[in-house]
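Engineer: With chain E fixed as given, assemble chain Y onto it according to the hints.
Just so you know, the protein sequences line up as chains E and Y, in that order.
In terms of numbering that gives the first Met the number 0, the first sequence opens at residue 0 and continues consecutively.
In terms of numbering that gives the first Met the number 0, the second sequence opens at residue 0 and continues consecutively.
Keep in mind that the hints were calculated from the coordinates and are not lab data.
Hints may be right or wrong, so weigh each one.
[As the list claims (entries may be wrong)] Distance ranges between label pairs, derived from CB positions: (1) Y:G367 / E:P591: 32 to 40 angstroms; (2) Y:T80 / E:D281: 50 to 58 angstroms; (3) E:L236 / Y:P191: 41 to 49 angstroms; (4) E:I461 / Y:P195: 27 to 35 angstroms.
This one's a predicted model, so the numbers in the text were calculated from it and none came from an experiment.
Where a beta carbon is used, it is the ideal one built from N, C-alpha and C, also for glycine.
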Amino acid sequence: MKAAGDFSRPKLGVLATALSLAAGAQAQAADENLPDLGSGASPWVADVYYENHTARRHDAGLAKFRNTLQLEADKQMGDGWAFRGILRGSWDGVYRLNRDEYGRGAGGPIELENTAAPLLPPVPTSAGTPLNRPLVPHGGGINNAIATAIGLPPTNAFGFDLAANPNDGMRVLGDRWHRTEGGVAFGVPVRPCDTDKRGCRDFGGYGDLKLSELEAPEFNDRLDFLREIYAKKTFPLADGTELFVKLGRQQVVWGRTDLFRVLDVINPIDYSRNNIYDELQDIRIPMWIAQAEYRMGASDVMQDRNVQVVWNFDKFRPNNLGQCGSPNVILDAGCFFRGMANLWDNGGTVANFAAVPPGTAGAWAATDFGPHQIGIRKVYLPEWSLSNTQLGVKYEGITKEGLAFSLNALTYRSQLPSLHAFSAGTVNPFTGGSGNTTPPADGVPVSRLIAFDVHYPRVNLIGGSLDFQIPDANAAIRMEAALTHGEEFQNTARRELFSENRVLRTVIGVDRPTFIPLISKTRATLISAQLFWQHIFDHERHDGPLGTVGIPDWEDNFIGTLLIKGFLAGDRVSPQLMMARDFRAKAFTIAPQIEWSVSDDFKVTLGANFKYANGDSHYKFDDTRSANPYPPFTTYTAAGQPFVPGSAGLEGLEPLGRFRAGPIGAAVAEDDIYVTIRYKF
Amino acid sequence: MTRYFAGRSLIALALACAAGTLHAATEADIDKSFFPYKSAVPTAAGVTAGTVINKGNFANFEAVLDPGLQRHIQAGAVEITVGKTTSFDIDKSYVDATRENAGKVKLGAKPGELVGYVAGRPFPEEPDAKDPRAGEKLAWNFRYGMNWGDGLAISPFYWKYRNMDSGKVERNILFNFHFIKYTHRLNQVPTPEISPNPSKLYRATYVNVQEPQDVKNTQLLIQRYEDDLKQDDAYLYLGFQRRVRRLSTGQTTDAFLGSDIMIEDFEGYNGRISDMTWKYKGTVNLLMPFYNHNDMKLSEEYKDPDGYKYVAFGGQGGCFPNITWQLRKVHIVESAPVDPNHPVSRRVHYMDAQTSAMSETLVYDRKGDLWKIFMLGMTHPDSHLAQNKGSGIVLFDAFSMIDVQAKHCTTGQFKGQADAKMVPVNLFNVQNMRGGN
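For reference, chain E alone in the conformation it holds in the complex (with noise of 0.2 angstroms):
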């Protein structure tokens, strides 16, 4: 026999694990004078999932064998405040059952580009190998005695301490996406960091975690297992109007897009989970915020008005992009910022570099740099002060007409990370010494040196979103537009590397269900898609001698998706397939997905995402090595470059072509199948 509500019965034993889970959060209450969480006026209601998600890659097998358990509890607290908490765990044994490929056995000795070989002396270098082969181990580069024996000072800082950076637990930067092509490229340590401690840094929740934490993600000192667990309460007014308010570790979901993202930027998202591919409800990153809602109903001409204050007090996060080493790290940038920081730390060998002699196409020669000559220093995490919180306003009406919009305005941290490039405090690799002081340079000052500190810019958004059907077309439609302030992106023409551009994103949707015999004479089957467009203002782009010099991304880009979902046998079966194109990037994916309820409490999952690019060529952009830092040594035109720092466009797929490629074009080797089972107890 089953009571009414069975559905959702609470159970002894797991309620008693959300409580001794949810301490931390009582004391939070505590702090906002919340009700006492223990003296409510219903019973905790409380489900429990277990899900496991195992996934196999293209010739890397084994990418995801992740065992979650969720814990969803509610709970009426009395006086008309509610209380929800979100507990999840998981543990992703593909660390330890594919250790060669993502744990402590990944990566190992690599060979890096050396096109200037056939024009180099047979020298021995710091690994031993001669300096004149095509593929040469990292250490195999110029160091101090080569680049003393070709005319430089002896003071010279090329080389870097093969001991302190061996050439083990390393992969080729670039080399899950794309080959080196001529371009530069480094070693980059892939291994946990509790396992090789090499180029981790914390950016923000990823980047300097050991096993453990990429085993277990949840399990952190943000204490990521509370996924959720807020207090909310509607305050009813005297006329007729609300107040709603809903205080503790949340999701607010803003805008009406699917897989890419608009306005729905409160949170922070962490695609180390599953990169573009899972909801975002599971891929969001929980914040600390207190929202508020006044709640106004109709008007005389408005159907429904709303305000919504979105107060973001929690410290600071950006989205996860994902540990290098680890399956899932978006752009492959995880794996760029793990390289360079090791370069900046220890040195390293670096692909295709110096111009050795100078303007000689396609003759470069790998270069052993030194600590702190390039790289990525430093990490700047906005800590937490009151003027680094974020706070969002959102004015949401219904027309008496039935035009559903929003207007929207967000001051936030830029979730994506803005390498700001520096001199002061480098090692000038030609002289040992700082900055120019080589005549006729001397004195000039170091500029688009590849030497980054890594910053969070705050960014401004206004925008707005609708909603309306087209009854003739049976469709519904939905537009969203941002446009921000304050986004920083890589820019080679200017003397930092970047530069800070308004942006423009939009996007319209079209859903409609449509009858598809095929599929099904009774259930219609979505169709839905959306449009994407991204317009940078102030694009900078000019012609340097050797290529293209300015912003890497493009001015104008546009993404399509596409999903046909369909529903048979009661909805307990639902094939779909999704599909999206990056047109710049002339990159494509497209999922399948089967998902079979074989009961109320048991889904079974089958899935892929396949992913194509037509060619890579064009993603090839300034990659900054003939910017020419430290003239007269770094002149890479046969004619020669000024003294003035300035960069030539000699272009590479590392580092920018990933800003070209996007997340499908960077990910175009992760081939995936997948099945997930989740079980609800």
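Structural biologist: Just chain Y, lined up with the frame of chain E:
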């Protein structure tokens, strides 16, 4: 000038003919409409309380069985028990409003247009088979029927998807349904309307899914306009997406959450009058699923803390409510979609004359073959929860939508609660959906 006025008169006459003329229903009409059993109840040979009609004797009762029910009795899928015919008196406020406004309402020029309606039953007079728009008038009586009153909640509301052959319950869904009227309100404050109401909404339905896991926290809001020519607005909040999606109107003819019922099937017909052509097909006495809830043998499957029990189901595949059936006066109305691409070719509604409830509906597919049978069990409110007693609201209490082609059914067990506190107007705002979890 004379010709001019003559022309005007002809036009006026033509319009009047097209739109229907004012016809002041008499007191007798109204009495007959709301109290058809005051002097006598319908009778038919052998149809007495306690009679069991089954495969063996159905031929004796063909005259009082609708074709859908008869089909299943004949096939041995179910046997039914006759109950005593009783009056389901509608709330006095509704009857009084009908009296006060009698003769003020008429059909407009086009289907979906109604002129002069204030409250109560728009057309209480007996339908006239010679009136080409009699079916449309009955459709208006249904639309502006007492139905759920000014506001009511079904909470909880259990649905089961069943295989009729195997009897296997394939899926359980737990809902809460909430209904509110914005206009023509009679028995809950504020009356006669909720204001401001700039969109001129007539009615809204809010649905919240509690279980199972894959659709948990799905919410649906349907807003119907006073202007029947205006399309409904519908919004869907998907728990796994945490955002509201506007629905296109086409989804009202979609199998709702994979069940055998579409949104348009709710309550017998849940759409615009102007989307259909309506034909009155006659008035007969038929066995209808009207009963006293507390007198039924109820299910032990769910047990509410307040002791409330739900209607049990039996018969083939568990597709039939275990209730008694009353011999009642019924108007037969046929609706055919205007849209030639509609998945339904026509519906035949068996509308209870006293309550205007469409408690039996046959649905035909585009080929014209019988597709689905909808049974909507109605209980007297005085034989239900304490808060429903004396409400004068005839309560929907159990439903079954049987797909006779797929041999499949969806059943529903209601706990209807006529409690204004459960239907605050703010519940029916889109923002309320976003403010959830």
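Engineer: Hints first: check each against the structure and report whether it holds.
Structural biologist: Comparing the hints with the structure gives:
1. Take G367 of chain Y and P591 of chain E: their Cβ atoms lie about 37 angstroms apart, and the range 32 to 40 angstroms holds.
2. Roughly 51 angstroms separates the CB atoms of T80 of chain Y and D281 of chain E, a value that falls within the hinted 50 to 58 angstroms.
3. Between L236 of chain E and P191 of chain Y the C-beta distance comes to about 25 angstroms, which lies outside the given range of 41 to 49 angstroms.
4. A beta carbon spacing of about 29 angstroms between I461 of chain E and P195 of chain Y agrees with the range 27 to 35 angstroms that was offered as a hint.
When each numbered hint is compared with the structure, a violation occurs for hint 3 only.
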